[in-house]
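Taking the hints into account, I'd like the entire structure generated from these sequences.
These protein sequence lines are chains A and B, in that order. Those letters in the first sequence? Residues 1 to 160, per the working numbering, in order. Those letters in the second sequence? Residues 161 to 714, per the working numbering, in order.
It is possible that part of the hints are untrue.
Unchecked claim - Using C-beta positions, here's what the derived DEER-type ranges look like:
#, chain 1, residue 1, chain 2, residue 2, range
1, A, Arg87, B, Thr350, 48 to 56 Å
2, B, Thr373, A, Thr52, 48 to 56 Å
3, B, Glu616, A, Asn3, 50 to 58 Å
4, B, Ser473, A, Ala18, 32 to 40 Å
To be verified - Far from chain B, some chain A residues (derived; all Cβ distances over 12 Å):
#, residue
5, Asp51
6, Val61
7, Glu132
8, Arg160
By construction, these hints were calculated from the structure, which means they are not laboratory data. For glycine and all other residues, C-beta sits at the position ideal for the given N, C-alpha and C.
Letter by letter, the chains look like this.
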Amino acid sequence: MINRKTLLELGWILPSIAIPVGMLVAVIVSAFGMNIGVPSQAGTIQPAAIDTTPPFDQPGVLRQVGPNQYEVALIGQVWSFNPRELRVPAGAEVHFVATSRDVIHGLHIEGTNVNVMLIPGRITRQRAVFREPGQYRFVCHEYCGIGHHTMYGTVIVEER
Amino acid sequence: MATARVEVNPSLRTVHRLTGAFIGVALVALAIANVPGILQGYDRAGVDLYPYARPVIQSYYQGLTIHGVMNVLVWTIFFLSGFFLFVTVYALDRPLASTRLGWVAFWIMLAGLILALVAMLTDAASVLYTFYPPLKASPLFYIGLTLIVVGTWFVGANIWMTWRRWRRDHPGQHTPLAVFGTLATFALWTIASVGLAIEMLVLVIPWSLGLTTDIDPLLARTLFWFTGHPIVYFWLLPAYVSWYTMVPRLAGGRLFSEPMARVAFLLFVLYSIPVGLHHQFSDPGLGGGIKLVHTFMTFAVFFPSLLTYFNISASIETGARWRGGTGWISWVRHVPWGNPALTGQIMGMFLFVPGGIGGLTNASYNVNQAVHNTTWVVGHFHLTVGGAVTLTFMATTYWLIPYLTGRALWGRRLAVAQPILFFVGMTIWSETMHRLGLAYMPRRTYITQAPYVPEEWRDPMILLGIGATGMIIGGLLYFFIIIMTLVVSREPAQVEVPLPRPGVESKHEHVPALLDRWRPWLIGSLVLIAIAYGPVFYQLLTHVSTVPGQSGLW
Ligand code: HEM
Ligand SMILES: [Cu+2]
Ligand SMILES: [Cu+2]
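Shown next as structure tokens:
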């Protein structure tokens with residue numbers, strides 16, 4: 001028996017199901033079809049061992065890991081990033097490998113998907129492609145103590 | 161059965177002092193919380209007021225800790241405890257199973273609050289309300305917050321026992337919707353709070369006392385968010401109970417569909433817990449696949465809010481039509497806007513719409529990376545807990561405080577303007593916070609002292625100042641009205657508890673048996689938790705990584 005009330009309810013409920021399902025499909029397509037991922041398991045590391053464990057023994061040094069692919073280590077510590085400045089070639093795929101020396105920090109590089117947490121004891125990996133040459137600011141966005149707001153750096157993307 | 165409840169059973173009055181005590185503490189907490197709120201509001205507008213606050217507030221982050229803890233852990237939880245105890249008593253028309261247990265809960269929670277407040281005010285716990293280890297605060301802070309949680313278990317137990325007795329005396333009757341929603345809230349909260357309890361009792365408190373030296377920050381964080389998402393339903397569902405049971409009557413109508421309301425509450429029991437990883441999409445050490453599962457579950461828990469939106473709108477419309485409203489949209493004029501207890505709640509509902517939609521964005525797995533830890537998120541939860549929940553609770557006090565004290569609300573017109581002003585301020589402020597978030601402005605940051613603020617943030621920051629001013633005046637007006645009511649008002653209050661009267665605002669709708677049973681839904685909830693969190697905790701416990709605590713960083 002379909003009366004007016006039932007029709008009204010259906011008219012609301014069906015889109016209410018369809019919209020989230022549509023969004024979920026979009027997320028799945030972008031995650032697997034376009035390979036836009038979030039950080040996943042990437043290993044553990046003791047903060048005390050950071051300075052002697054590659055790649056963290058050479059933070060900020062670009063290492064080529066494939067055709068037009070680079071890897072670079074970054075360390076968060078109170079209240080600065082090591083390095084504060086990073087140079088990468090335009091158009092390359094850059095894999096950031098990061099961790100924290102003390103408390104939880106954040107790392108957000110403007111204009112990229114590198115918006116991640118740096119947790120002491122864990123390694124964070126995320127990749128980014130900087131298409132346009134220029135300067136990209138990155139900031140710590142997790143409270144890490146009284147100097148938190150001074151913790152930032154710059155990625156300099158160079159024409160090649 | 162009576163058709164109208166005119167005379168109130170005098171034995172119900174024993175709950176008045178208890179509810180009054182909880183709500184009194186809640187209001188004091190709200191006032192304390194928003195002193196730093198004002199400072200933060202202007203800091204985001206580029207005006208640094210902290211140098212003037214120094215004798216009391218040492219730093220931006222001490223203030224932010226007080227703002228977060230006192231707003232979302234104290235104002236909300238104390239208010240809802242008092243509110244739910246009151247609703248249970250009045251909807252079941254019988255006194256609490258144990259008024260003494262109610263007071264025990266109150267004193268435990270108050271003791272916890274005082275401990276935490278001492279730690280925060282002495283700058284010994286400036287770790288924000290999420291207190292992520294390895295930042296290490298004074299043990300008083302953690303013990304205090306834990307006591308508040310323990311107190312809520314006693315509140316829940318009391319309500320449960322009261323309901324059991326009612327059931328024994330009324331075999332075969334459906335639980336009234338208000339109590340049904342209350343029980344659903346405490347059911348999900350009791351399960352959900354286990355995460356926080358383990359984090360505190362097993363990891364954080366022993367560590368802060370020096371009994372252990374190292375801690376696994378990711379494990380602690382994951383336990384925190386196990387509780388940290390469902391806690392938002394602990395704040396929100398009391399507002400839903402009010403929207404479902406009291407708003408229809410305040411609007412002069414009745415609830416559109418009671419079975420649909422029960423479905424909504426049960427879906428919260430089912431889906432509100434296995435979603436916590438949507439706060440941890442950007443964390444290392446957790447699998448990408450399981451994060452996607454939590455996205456899926458979060459989308460599912462959005463559904464009952466959509467049901468609510470429809471049901472409540474239809475109920476308000478019913479009321480307006482009964483009052484003579486006609487047409488597609490012009491019935492809106494027949495909503496009794498002059499009643500502040502209603503207008504405040506409707507303003508809250510308006511804020512909840514963009515709040516809920518933004519929440520879906522946050523929960524969208526990789527899309528989250530566009531907004532995570534930016535001011536977008538702060539804009540989002542000020543719409544939900546800071547807007548919808550807070551305005552609903554405030555509006556509730558517009559009938560509840562007169563009811564409890566016998567004094568008529570002072571300044572009714574002002575009380576209608578108050579939520580509207582807050583709503584307008586919040587709309588401007590929150591929209592701008594969202595926009596600045598998309599321009600990468602970080603949250604939890606002393607912006608006036610940050611060396612990296614780009615020019616493009618400057619103009620929107622002026623709007624933040626304007627919006628915050630509206631919120632602040634709306635907030636001050638609220639306290640002014642309440643204080644005048646308590647101190648100046650001499651007129652006797654003529655208010656009733658706006659619970660639906662059987663047969664008038666509540667239809668005798670058929671309620672399917674499955675919607676009046678708990679066990680299948682609780683089992684379903686546990687199964688979903690096992691699916692969503694089993695792999696997470698297995699992975700964490702097989703890859704423990706502990707680090708030393710850090711104190712003295714603020
Ligand atoms: C006058 C009204 C208010 C103003 C101007 C205000 C302002 C702010 C600002 C600017 C922040 C961001 C600070 C930052 O991330 O650096 C903030 C954070 C926050 N606010 Fe409010 N707020 C107000 C009312 C409320 C209310 C009523 C609630 C909840 C009931 C609330 C809950 C929170 C929470 C939970 C945070 C996050 C704290 C954290 O990140 O640790 N606020 N508020
Ligand atoms: Cu930081
Ligand atoms: Cu959440």
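Now the hints, each set against the structure:
For the pair A/Arg87 and B/Thr350, the beta carbons lie near 54 Å from each other, so the given range of 48 to 56 Å is met. The given range of 48 to 56 Å is broken by B/Thr373 and A/Thr52, whose C-beta atoms sit roughly 22 Å from each other. Separated by about 54 Å at the C-beta atoms, B/Glu616 and A/Asn3 satisfy the suggested range of 50 to 58 Å. At roughly 19 Å, the beta carbons of B/Ser473 and A/Ala18 sit outside the given window of 32 to 40 Å.
With a closest Cβ-Cβ approach of about 15 Å to chain B, A/Asp51 is found to remain outside the 12 Å limit, as its non-interface label requires. For A/Val61, the non-interface assignment is confirmed: its Cβ lies about 21 Å from the closest Cβ of chain B, beyond the 12 Å cut-off. At roughly 16 Å from the closest C-beta of chain B, the C-beta of A/Glu132 stays outside 12 Å, upholding its exclusion from the interface. No Cβ of chain B approaches the Cβ of A/Arg160 within 12 Å, the least distance being about 26 Å, so the stated non-interface status holds.
Violated hints, listed in ascending order, are 2, 4; each of the other numbered hints is respected by the structure.
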